[in-house]
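*Asks:* Spelled out from the first residue to the last, the chains are:
4 protein chains.
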Amino acid sequence: MNLPTIEDTYAEAFKTKAAHILITAATKRYALIAATEATGFATSFIGCPAEAGIDEYFPPEKTPDNRPGFSVIICQNKTDNLKEQLLERMGQCILTAPTTAVFNLVEDGGDVDNLGFKLAFFADGYQEKIEKYDRQMYKIPVMSGDFLIEENFGITDAVAGGNLFIMAKTQSSALIAAENAVNAIRSVPGVITPFPGGIVASGSKVGSKKYKFMHATTNEKYCPTLKDKVETQLPDDVNGVYEIVFDGLNEEVINEATQKAIDAIKTVPDVVKVSAGNYGGNLGKYKINLIG
Amino acid sequence: MNLPTIEDTYAEAFKTKAAHILITAATKRYALIAATEATGFATSFIGCPAEAGIDEYFPPEKTPDNRPGFSVIICQNKTDNLKEQLLERMGQCILTAPTTAVFNLVEDGGDVDNLGFKLAFFADGYQEKIEKYDRQMYKIPVMSGDFLIEENFGITDAVAGGNLFIMAKTQSSALIAAENAVNAIRSVPGVITPFPGGIVASGSKVGSKKYKFMHATTNEKYCPTLKDKVETQLPDDVNGVYEIVFDGLNEEVINEATQKAIDAIKTVPDVVKVSAGNYGGNLGKYKINLIG
Amino acid sequence: MNLPTIEDTYAEAFKTKAAHILITAATKRYALIAATEATGFATSFIGCPAEAGIDEYFPPEKTPDNRPGFSVIICQNKTDNLKEQLLERMGQCILTAPTTAVFNLVEDGGDVDNLGFKLAFFADGYQEKIEKYDRQMYKIPVMSGDFLIEENFGITDAVAGGNLFIMAKTQSSALIAAENAVNAIRSVPGVITPFPGGIVASGSKVGSKKYKFMHATTNEKYCPTLKDKVETQLPDDVNGVYEIVFDGLNEEVINEATQKAIDAIKTVPDVVKVSAGNYGGNLGKYKINLIG
Amino acid sequence: MNLPTIEDTYAEAFKTKAAHILITAATKRYALIAATEATGFATSFIGCPAEAGIDEYFPPEKTPDNRPGFSVIICQNKTDNLKEQLLERMGQCILTAPTTAVFNLVEDGGDVDNLGFKLAFFADGYQEKIEKYDRQMYKIPVMSGDFLIEENFGITDAVAGGNLFIMAKTQSSALIAAENAVNAIRSVPGVITPFPGGIVASGSKVGSKKYKFMHATTNEKYCPTLKDKVETQLPDDVNGVYEIVFDGLNEEVINEATQKAIDAIKTVPDVVKVSAGNYGGNLGKYKINLIG
Chain A
395 MNLPTIEDTY AEAFKTKAAH ILITAATKRY ALIAATEATG FATSFIGCPA EAGIDEYFPP
455 EKTPDNRPGF SVIICQNKTD NLKEQLLERM GQCILTAPTT AVFNLVEDGG DVDNLGFKLA
515 FFADGYQEKI EKYDRQMYKI PVMSGDFLIE ENFGITDAVA GGNLFIMAKT QSSALIAAEN
575 AVNAIRSVPG VITPFPGGIV ASGSKVGSKK YKFMHATTNE KYCPTLKDKV ETQLPDDVNG
635 VYEIVFDGLN EEVINEATQK AIDAIKTVPD VVKVSAGNYG GNLGKYKINL IG
Chain B
395 MNLPTIEDTY AEAFKTKAAH ILITAATKRY ALIAATEATG FATSFIGCPA EAGIDEYFPP
455 EKTPDNRPGF SVIICQNKTD NLKEQLLERM GQCILTAPTT AVFNLVEDGG DVDNLGFKLA
515 FFADGYQEKI EKYDRQMYKI PVMSGDFLIE ENFGITDAVA GGNLFIMAKT QSSALIAAEN
575 AVNAIRSVPG VITPFPGGIV ASGSKVGSKK YKFMHATTNE KYCPTLKDKV ETQLPDDVNG
635 VYEIVFDGLN EEVINEATQK AIDAIKTVPD VVKVSAGNYG GNLGKYKINL IG
Chain C
395 MNLPTIEDTY AEAFKTKAAH ILITAATKRY ALIAATEATG FATSFIGCPA EAGIDEYFPP
455 EKTPDNRPGF SVIICQNKTD NLKEQLLERM GQCILTAPTT AVFNLVEDGG DVDNLGFKLA
515 FFADGYQEKI EKYDRQMYKI PVMSGDFLIE ENFGITDAVA GGNLFIMAKT QSSALIAAEN
575 AVNAIRSVPG VITPFPGGIV ASGSKVGSKK YKFMHATTNE KYCPTLKDKV ETQLPDDVNG
635 VYEIVFDGLN EEVINEATQK AIDAIKTVPD VVKVSAGNYG GNLGKYKINL IG
Chain D
395 MNLPTIEDTY AEAFKTKAAH ILITAATKRY ALIAATEATG FATSFIGCPA EAGIDEYFPP
455 EKTPDNRPGF SVIICQNKTD NLKEQLLERM GQCILTAPTT AVFNLVEDGG DVDNLGFKLA
515 FFADGYQEKI EKYDRQMYKI PVMSGDFLIE ENFGITDAVA GGNLFIMAKT QSSALIAAEN
575 AVNAIRSVPG VITPFPGGIV ASGSKVGSKK YKFMHATTNE KYCPTLKDKV ETQLPDDVNG
635 VYEIVFDGLN EEVINEATQK AIDAIKTVPD VVKVSAGNYG GNLGKYKINL IG
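Residue numbers (this note's numbering), protein chains in the order written: chain A, 395 to 686; chain B, 395 to 686; chain C, 395 to 686; chain D, 395 to 686.
Treat the hints with care, since some could be wrong.
Pairs involving identical chains hold if they fit within one copy or between any two copies, as the list cannot separate such chains.
Within a straight-line C-alpha distance of at most 20 angstroms, the following computed PhoX-like cross-link-like pairs (lysine-lysine) qualify [unchecked claim]: (1) K615 to K603; (2) K621 to K603; (3) K533 to K599; (4) K603 to K512; (5) K615 to K599; (6) K472 to K679; (7) K681 to K477; (8) K679 to K615; (9) K533 to K603; (10) K660 to K409; (11) K472 to K409; (12) K604 to K523; (13) K523 to K623; (14) K456 to K660; (15) K660 to K526; (16) K606 to K512.
Don't read these hints as lab results, they were simulated from the structure.
Work out the full structure, taking the sequences as your base and the hints as a guide.
*Replies:* Quick look at the structure:
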């Protein structure tokens, strides 16, 4: 099996703000349902109110209430917008989900949002502040029983825009490689892949050559069907390209995810080349090298 | 097995606006991934930018491009907000998803959004308007190949707020019955269950007794842990309650879904009573009777 | 997109015996769990005690007990072996599964197995024969409640060995096409795809050129990595091949499944050719033409 | 929330033989598909040819070929039967599954089965013995490419029959608790839960009071619907019981799984009592105490 060429370049990532929360439920499946809804419609800052994704599974022995859970990361470039998103996504997608409870996972001494206090107004006066699991919690009576939420949630610095381009002989080969890369990235704690299935079919460039009102448009140099019309960046035998985009709690995990993704891509046949998107360092402060 | 009491009451539903679209992909699984992301963070108008959900599976022989697909319904009370949501959810969650194409399913002569035209600016001049599958389509070159989207999407009247309360001896019995009811509702074409897993753990009343700034608060009369503190509506032996909320393309499908859900609930042991939420007819124009 | 060549040949299928049963449960998910276990280790008569697979989902309104269910088909070439397999798979994989009940779906006047009567000995004298859902049923008290099973299960003639070969430019393209073909085949009521995920990675020829004790060995003429060592049947640009194998209740559904599979394969890029396996008519009595 | 009573008793487990193998594939999902088929129809020695189940997920960095994988455990009381089951399940359910490879995980110096050598006859003379991943492997050309399998697979001693009885106020509460217990048990490396969804709805006693030809019959003392007809072991308020059965590579992991399962059960409301099945020490050599 021929291994793909790894281009000696870097992905350009940038600073963002993130919340890191833990959703537990009566069963693993119900925790996953809540986490999925809470992180939906959150692929890209360009058109979504947040970037969000499921981080990792927490087995019962690692959660405060000894129930299975999933951690999720929700990102926004502005702290105020993040707080608003947190309130809406928790209130609409986690409080409403069967048997859930929700905990803060950010431990550093940064900004804090008293989300539990705010959400507890839903209890219409029947809320109770309690100490439980060595945490300050709010208890909110709901139809299915009591909903428990931690009082304070930390807001932390994070890194958005980790990315890889996977170029393969066929669209399907690029797709299988992309699926495998996403799986590898998701195994790194503290990293999420916010796009559908973690994969971007329509990688974009910043701005537009033709339409001033567009903030992002198709990256034509990587489009297989435009090979004859533009100065293509695609090798001759490449007919399918997928981008993977990932956000993480710090630069280290983005680097780790990048390397694990490349290792995963290498195991899939018919991948020709792996590259990444950058803008000469103008967009973000982090350079994530593909070749360590 | 004792059958639950079906209360002789009605769910109060109201008029909304909806888009009904079809997402196809290379495989059923990729169509589902796109449909899930596109309908995420969309449980309730109260705090989400839309109510949305997956409608039904379309086998290949029923789709324009002969590929497997899922239809989704996206609702908003104002047409302009709906158009904005459509553009963002399609642009961020479907255009970006691997191998997808997207088609309009609304055939009536109402309002139309030329969403395909708008989204095609992403192609930065490389878009092409083509006739294909007997439809006016836009072809947008992207990294994975070409993305196809229909030019016009209809906006139709729809019905939101179909609902049922399931009261059972234990929380788990109410949960299994709720899961079964959601399954039955989802089998009705044209109906969606926008909440996480289709189930609402924290059914609400309109407004608040205590906090003027709250638009919706816990429905304390149906909270098992408040039985001793409020004038409860719960029978003595009820310890768990879940609400099901569903939206549909017209009153008939909401009625059909209601009856199928009740039939499904009846097959689960230990359910005591089924009721529904209404506000004396002040909120919505539709009365969905539980007892036909 | 270039369409694949459909070879003007036929798949050679043969007569077998089948049971067609319906498994219902408290929820759709539990019905699926039971159906999956009951049809496991059942890919091929060559080394498995049966060929079996999930047929279709039955919504609540189409099942005798108004609960969601899945039908499964279990095949064996000898009636006695089929009866033994039925008893073991029902006793070990359905009776043991949470909340299940099981019904007969074969209505023709052929051979009958009083499986319900036999399985009811498990109740150790506490079994009861009852009439319910207009059927003769046995009620078996178990830890979770009562298990209900119909008394008699029909054994019917069926057709095994429907098949297709999918040849593509890359292994991944063949795989995506195979997944899509399986999905299309599964949408035909009365047809199952018994192999893992419905796909055969290691299609075989009957017998062996080298080892007399082998009943089936690799089909070297279709192996991409043997192109240079054997008289290959593979076009130059083919690097991946998957076979799909399917069994059905009659010749008509096998024909329908074949055509739907071919239609599905045509929608996936980079497939070069579609063919099928036959043995000059020596193995089976049915010739399933690829080109209608 | 009231915690269940944990009965001061023990589960009686017994010695068996096991293989422990690792299935890798191009993606996590294909590895799971192969593992599921290979461990199907394998709930209980009473009527199945083996007990088998999925052990744990192996991320790419922990597998020899750097691809995602799942380990499975296959048990049989006799070594010869186990070898036969291994050959059949590997040949029919793993060799046939898309993109798989298979490795041995048993490292102790016990009995060895040269399964790779045997299975390689399928290649009809085109097989090759190679050294790869620091292992002796066989390469078998198949339609989708090359299938790789390790030459030797170890047979190890193992422990079967770990078990728990979960008694709850309603069937649904017992079911949710059982699902949670299974999830906890599955998180222990080296332990499998062979029944459908890991749960036993129809726990049995050894032998029969009434039918000499029956090796196992319903455990009537734990059947809720027989409370009035037998000397019941069920507390008054118990209406649903599920048993969990698990096998493991040694006594330690069975003990660990038991404790984790009990912890998981305690988080689900309306469970009344947890017990286990034993036969006064006559059946097996291991006593797995519920109360450490």
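*Asks:* Between the shortest in-copy and the shortest cross-copy C-alpha distance, which are at most 20 angstroms for K603 and K512: within, between, both, or neither?
*Replies:* Intra 45 angstroms, inter 16 angstroms, cutoff 20 angstroms: inter-copy only.
*Asks:* If the cut is 20 angstroms between Cα atoms, do K681 and K477 qualify within a copy, between copies, both or neither?
*Replies:* Classified as neither; 28 angstroms inside a copy, 38 angstroms across copies.
*Asks:* Can you tell me if K523 and K623 fall within 20 angstroms by alpha carbon in one copy, between copies, both or neither?
*Replies:* Cα proximity of K523 and K623: across copies only (17 angstroms, versus 64 angstroms in one copy).
*Asks:* Given identical chains, is K615 near K603, meaning Cα to Cα at most 20 angstroms, within a copy, between copies, both, or neither?
*Replies:* within (13 angstroms within a copy, 52 angstroms between copies)
*Asks:* Is the C-alpha distance from K606 to K512 at most 20 angstroms within one copy, between copies, in both cases, or in neither?
*Replies:* Between copies only: 14 angstroms across chains, 40 angstroms inside a chain, cut-off 20 angstroms.
*Asks:* When no copy is specified for K621 and K603, does a C-alpha distance of 20 angstroms or less occur within a copy, between copies, both, or neither?
*Replies:* For K621 and K603, only the intra-copy Cα distance (17 angstroms) is at most 20 angstroms; the inter-copy one is 48 angstroms.
*Asks:* Measure nothing new, just compare the shortest in-copy and cross-copy C-alpha distances for K660 and K526 to 20 angstroms and report within, between, both or neither.
*Replies:* Between copies only: 17 angstroms across, 47 angstroms inside.
*Asks:* Using 20 angstroms as the alpha-carbon threshold, which applies to K615 and K599: within, between, both, or neither?
*Replies:* within (10 angstroms within a copy, 46 angstroms between copies)
*Asks:* Please work out whether the CA atoms of K472 and K679 approach to 20 angstroms or closer within one copy, between two copies, in both situations, or in neither?
*Replies:* within (17 angstroms within a copy, 41 angstroms between copies)
*Asks:* Between K533 and K603, at a C-alpha cutoff of 20 angstroms, which is it: within one copy, between copies, both, or neither?
*Replies:* This pair counts as between: shortest inter-copy Cα distance 18 angstroms, intra-copy 53 angstroms.
*Asks:* Can you give me the call for K533 and K599, within, between, both or neither, at a CA distance of at most 20 angstroms?
*Replies:* between (46 angstroms within a copy, 18 angstroms between copies)
*Asks:* Regarding K679 and K615, is the shortest C-alpha distance of 20 angstroms or less found within a copy, between copies, in both, or in neither?
*Replies:* neither (24 angstroms within a copy, 54 angstroms between copies)
When each numbered hint is compared with the structure, violations occur for hints 7, 8 and 10.
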